[in-house]
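**Q** Each chain is listed here by its residues.
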Amino acid sequence: MIRVKNLWKKYNSHAVLKGLDLEVSRGETVVILGRSGVGKSVLLRQLIGIDKPDRGTIEIEGKLISSLTGSDLYLATRHMGMLFQASALFDSMNVFDNTAFYLNEHGDPETGKKLPQKEVKARVKKALEMVGLADTQAIMPADLSGGMRKRAAIARLIVYHPRILLYDEPTTGLDPITSMQINELIVQIQNELNATSIVVTHDICSAFHVGNRIALHHDGKIAYITSKEEFPHINDPLVQAFLKNAIPEVNQNS
Amino acid sequence: MHFYLQIILDSFAGVGRWGILFAKTIAAFFRRPPSWSLIIDQLYNIGVLSLPVVAITGFSTGLVLAAQSFYQLGDKGLAGATGLFVGKSMMTEIGPVLTAFMVTGRVGSAMCAVLGTMKVTEQIDALKSMAVNPLGYLLAPRYIGGIVMLPFLTLFSAAMGIFGGYLISVYYFGMTPQAYFEPIPIYVKIFDIWVGVIKAFFFGVIITSISCYKGMMTRGGAAGVGRATTNSVVICYSFILIVNFLLTVSLNVFHDIYKVKYL
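Sequence lines, in order, name chains E and A. Note that this note's numbering has the first sequence beginning at 7, numbered continuously upward. Note that this note's numbering has the second sequence beginning at 916, numbered continuously upward.
To be clear, the hints were calculated from the coordinates, so they are not data collected in a lab. A couple of the hints might just be wrong.
To be verified - Below, in silico cross-link-like pairs of lysine-lysine (PhoX-like), each with a Cα-Cα straight-line distance of 20 Å or less:
#1 E:LYS16 <-> E:LYS227
#2 A:LYS939 <-> E:LYS58
#3 E:LYS58 <-> A:LYS991
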């Protein structure tokens, strides 16, 4: 369960989040749509503790993330994972070491005990097979395509079975086929891990594919949040403009 | 006027942020010490891989120092002081400073560029998102590597300088090996070796902490990484020179006041 109340965040004098409220139930996938620069990624960074909010509270699985610091924060966010927009793979490590990173640092995600290398290798292999990158273990991130980097970053996430997953623009910059593969992967992960997920995207096809509910982020707040079936029927020029401009081909077909 | 005031205020703010980052990194080190493999990587990168450039610098400086002292002092009948001049200056002043300059250029700039690139490509955020403290994981091993290896590199540089001075003095100017080496243990005291080692320790702190700080504060993509790297090198050089002067004075004053005879 994720509960965000009255979240405020300013950068210099520019307020990005202006009293944002959001609730996400356990096992649910909420997609946050919104124009560029409205603070969707900023919200994810607050949720996982990379940045601190100026005001407001973030409660995740009963822990008040917004008030934790240092090792308490790291302990509280250990069961969370985030997919970054540019993948953020460690470019000094190959795909195997990137994927094994969490297990080598923290050991078994459940018990915290150090894992034998044989077990680490098995878990990494399974995660890479799941994303279709089993034969790229020795390749460096710089030698991967954009789609492969995204999938490697997803493997780095799912290897430790996080209970909360945050995706920042998972399909941005990818061709439609690769985007669809990533969407399928997100749904598959959702089904297998039963994690609570928040997906930030501009890609409305992706939003309808992976989300249970869709939210529209506008002017520093969640303007609407509803089921994906009801979302297209919201009678608001902003929502309609978003739908029309984002998927003209879908509108034409329908 | 306002422009200069702003620069001064920004500089003070920067020093404050640097101090906080340094203290937090030390705290992160003691809270969860980094793995030995990370520390050994940095010791190897900073220490072993810097040996060739430090050797060339020390050796060529020794050659020049010996040649200059021979040309300047030879006609005054003081050519016998060449070994002493080379040994003393390589141990206390030129060795530590030039080694620090070389390490700043080879290691400090790379440290800043790597951390800066990691910052702008969200790799540092990715570490945080996996509950890994970047200060303990990335910065602490670099601090240890720099602080431990700089004194060894300085001693190595001084040794290479003395060796370079020996070669030119004996094989070009025709001094005897005894005439070159005999004054060195008489006039280059253990105190002088401590001066070189203490200076190198402080230079290690300066190089790693400033390079890491500038790397971690990088903003603005590839151009930002370039700017941060240039700034870090310039700031390191400036602080090395200032701290070198302060240490030279304070260590000698300390030595004179307390008459540390066994040194």
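**Q** Against this structure, judge whether each hint is valid.
**A** Outcome of the hint check:
1. E:LYS16 <-> E:LYS227: Holds, at roughly 13 Å.
2. A:LYS939 <-> E:LYS58: holds, 17 Å
3. E:LYS58 <-> A:LYS991: Since the Cα atoms of LYS58 (chain E) and LYS991 (chain A) sit roughly 70 Å apart, the hinted pair is violated (cutoff 20 Å).
Hint check: a violation occurs at hint 3 only; the rest are consistent with the structure.
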